[in-house]
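Each chain is listed here by its residues.
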Amino acid sequence: MSRIASTFARLSGSNRKALIPFFTVGDPLLESAVPTMQALVSGGADILELGIPFSDPMADGPTIQRASERALQNGVTLTDVLAVVAEFRQTDDVTPVVLMGYANPIERLGLDAFAAQARAAGVDGVLVVDYPPLEGRFLKAALTQVGIDTILLVSPTTTEQRMSEIAQLATGYLYYVSLRGVTGAGHLEVDAVATQVGRIRSYAKVPVGVGFGIRDGATARRLSEIADAVVVGSRLVEEIEASAPTEVPRRAEALMRQFRHAMDGAQ
Amino acid sequence: MNVYDLPDQEGYFGPYGGTFVSETLMAAIEELKAQYEHYRQDPEFLAELAHELHHYVGRPSPIYHAKRLSEHLGGARIYLKREDLNHTGAHKVNNTIGQAMLARRMGKPRVIAETGAGQHGVATATVAARYGMECVVYMGAEDVRRQAQNVYRMKLLGAQVVPVESGSKTLKDALNEAMRDWVTHIDDTFYIIGTVAGPHPYPTMVRDFNAVVGRECLTQMPELVGRQPDVILACVGGGSNAMGIFYPYIPQESVRLIGVEAGGDGLSSGRHAASLSAGVPGVLHGNRTYLLQDAHGQIIETHSISAGLDYPGVGPEHAWLKDTGRASYVAITDEEALQAFHTLCRLEGILPALESSHAVAQAMKMAPALGKDQIILVNLSGRGDKDMATVAERSGLHL
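So the protein sequences, as listed, match chains U and P. Under numbering that gives the first Met the number 0, the first residue of the first sequence is numbered 0, with each subsequent residue one higher. Under numbering that gives the first Met the number 0, the first residue of the second sequence is numbered 0, with each subsequent residue one higher.
These aren't lab readings, by the way, just hints derived from the structure by calculation. Remember, predicted model here, so these are calculated numbers, not experimental data. Be a bit skeptical, because a hint or two may be false.
A short, non-exhaustive set of chain P residues, derived as facing chain U with CB atoms under 10 Å [what the hints assert, rightly or not]:
| id | residue |
| --- | --- |
| 1 | V2 |
| 2 | V20 |
| 3 | L155 |
| 4 | L156 |
| 5 | Q159 |
| 6 | V160 |
| 7 | G166 |
| 8 | K168 |
| 9 | H184 |
| 10 | I185 |
| 11 | H302 |
| 12 | W319 |
| 13 | T323 |
| 14 | S327 |
If you want the footprint, here are the derived chain P segments under chain U, 3+ residues with CB under 8 Å [as the list claims (entries may be wrong)]:
| id | region |
| --- | --- |
| 15 | 7 to 18 |
| 16 | 69 to 83 |
| 17 | 360 to 372 |
All C-beta atoms, glycine included, are put in the ideal place defined by N, C-alpha and C.
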């Protein structure tokens with residue numbers, strides 16, 4: 000069983016939901032990535048999503064865009080991101096790691112080369128924001144060959160027809176974008192999310208996670224009653240932005256702990 | 000050449016094009032695709048478009064024989080397709096009218112646009128005023144500074160201009176920001192893209208709306224000189240004016256099509272915006288095409304004296320025309336474009352946009368080596384009033 004599948008199986012056994020933090024590798028420093036990953040796990044994270052920096056993050060809001068810019072100023076590349084995962088794997092062989100980014104850096108490296116190197120580094124899933132299923136089919140084939148999951152997005156505007164098609168193709172988990180807009184926006188309507196997640200569940204064979212706009216423990220708690228996983232991105236990146244580099248792991252861990260407690264209180 | 004009927008069903012021109020957007024935009028793209036597919040063949044829509052282009056834009060635009068320029072160069076005869084004479088002063092309005100008409104039929108009361116030089120922003124603000132629509136234009140903060148006149152024009156027309164402070168603060172960043180607006184306001188907003196790039200169906204739609212330029216040339220040139228030109232030149236940033244004049248000529252194999260990119264300080268300097276001349280294929284802004292990028296797939300900051308050409312990508316159909324050899328692409332430096340700007344002003348009394356000056360410069364380069372029986376047709380895509388401050392600054396003057 001893959002790390003992602005066994006994580007969801009274990010959580011389901013203890014009636015808990017997955018907490019998935021996101022941050023961009025290289026923000027604030029390349030060296031802070033592995034300690035931050037370890038701290039997030041200590042704070043209660045179940046799966047880690049790592050952002051691959053990109054110069055033109057079209058689907059992200061200002062917070063994650065700034066994180067990408069800081070990482071690029073530090074000269075961080077996709078190869079560096081893979082090296083971070085490999086280093087993390089030396090101390091943690093259990094926590095799944097999902098890479099999230101845009102198509103161009105991956106295409107520049109080459110789809111097969113990327114798949115092979117991601118496999119060697121210990122990556123479990125890949126989410127390419129600007130690869131809808133049709134355009135992403137070649138990468139999905141390459142990733143499937145090496146046993147890496149392709150994480151797909153479903154949005155509030157996704158039609159019923161597309162939803163069923165995406166659910167058929169999904170591996171690992173499905174990522175439901177919980178609001179209309181970019182990452183970090185703040186007008187999430189929990190009731191509407193509940194309805195949509197219910198519809199996705201009727202098609203999905205994999206767990207359903209919810210992300211975009213989850214800023215506090217209370218929202219995470221309500222969403223964890225609906226979904227299998229809650230993704231916390233911009234809120235964590237803001238915390239990183241506001242911290243001195245040496246303080247990042249400690250504050251990331253403290254933030255995770257807040258979300259963890261809020262979510263577990265829901266059960 | 001076989002019948003040219005690209006793009007295919009999935010919006011591909013060979014390996015270029017496609018729909019590389021987040022799932023959050025897919026529903027809007029699918030809706031646009033279906034509606035455009037319907038209206039592009041709707042006689043009532045096409046009749047209204049023709050009426051607007053004639054009475055509001057002032058089409059057809061004339062073709063002018065630049066005799067003094069031709070004689071000065073002493074070679075081929077140079078003709079100018081006068082898109083600078085359109086209402087709003089550039090070809091951009093051909094497209095914004097078409098897309099705004101589509102937006103109205105789709106029940107979208109709000110339009111947004113990205114702009115570089117400000118010409119597309121002005122053309123969008125103009126049609127938004129004409130049709131009573133709310134209009135927001137995203138413009139890189141650096142371009143807001145360079146093109147203050149156009150910013151004021153947009154405001155006079157009732158548009159809100161949003162300076163974009165992220166990234167290189169130019170056209171590509173404005174495009175990112177417009178995409179973000181679109182995804183947030185998808186129900187009531189139509190995104191009017193200004194060039195032949197972006198996710199399918201934009202490259203096709205923008206080409207089709209601008210193809211009126213090439214279609215007019217197909218009938219005007221035989222009337223003027225008894226035949227089609229030997230060479231057609233057009234500047235290429237994203238490539239909308241070039242695609243507009245090239246497209247109807249693709250089957251006319253004896254006509255050489257040459258796109259002129261922004262060479263900035265020269266290709267070897269690294270400071271330029273010549274994606275086809277110096278880029279490699281990749282994915283940006285919804286399509287696969289030639290991009291200026293580093294070895295790790297990050298998009299590089301570009302440079303051109305002309306804000307409208309200052310873009311690291313290019314329309315996917317140009318990428319395909321380059322690979323197949325049907326069109327070729329060259330680069331003109333800032334300095335060469337400026338010389339062409341001044342030469343056209345002095346010899347013909349026409350003040351060209353700095354974008355279009357790149358195409359004029361290429362004509363000046365080629366003409367002397369060609370015989371007097373040869374005909375070069377230049378798409379003079381816009382007028383240069385907006386560039387006077389930039390040109391004055393280069394001459395050490397401040398207006």
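Proposed interface contact between S327/P and chain U, which counts if any beta carbon pair is under 10 Å: violated (26 Å)
Given coverage of the region 69 to 83 of chain P by chain U, tested with a Cβ cutoff of 8 Å and a minimum of 3 residues: Answer violated; 0 residues pass the 8 Å Cβ test.
H302/P as an interface hint toward chain U, with CB separation required under 10 Å: violated (16 Å)
Given hint T323/P near chain U, where the shortest CB pair must fall under 10 Å: It is violated, given that the least Cβ distance between T323/P and chain U is near 22 Å, above 10 Å.
Residues of the region 360 to 372 of chain P with Cβ under 8 Å from chain U, three needed, outcome: violated (count 0)
Status of the G166/P interface restraint (C-beta, 10 Å, chain U): Holds - the Cβ of G166/P comes within 10 Å of chain U, reaching about 7 Å at its closest.
Minimum beta-carbon distance criterion (10 Å), L156/P to chain U: Check failed: Cβ of L156/P comes no nearer than 27 Å to chain U, outside 10 Å.
Residue hint W319/P, partner chain U, criterion CB-CB below 10 Å: Violated: closest Cβ of chain U sits about 17 Å from W319/P, beyond 10 Å.
V20/P as chain U interface residue, shortest Cβ-Cβ below 10 Å: Holds, about 6 Å.
When the least beta-carbon distance from Q159/P to chain U is tested against 10 Å, hint result: violated (18 Å)
Restraint check, 10 Å cut-off on beta carbons, for K168/P near chain U: Violated - the Cβ of K168/P stays beyond 10 Å from chain U, reaching only about 12 Å at its closest.
Per-residue hint verdict: L155/P, partner chain U, C-beta under 10 Å: violated (29 Å)
Hints 1, 3, 4, 5, 6, 8, 11, 12, 13, 14, 16 and 17, counting from the list given before, are not met by this structure.
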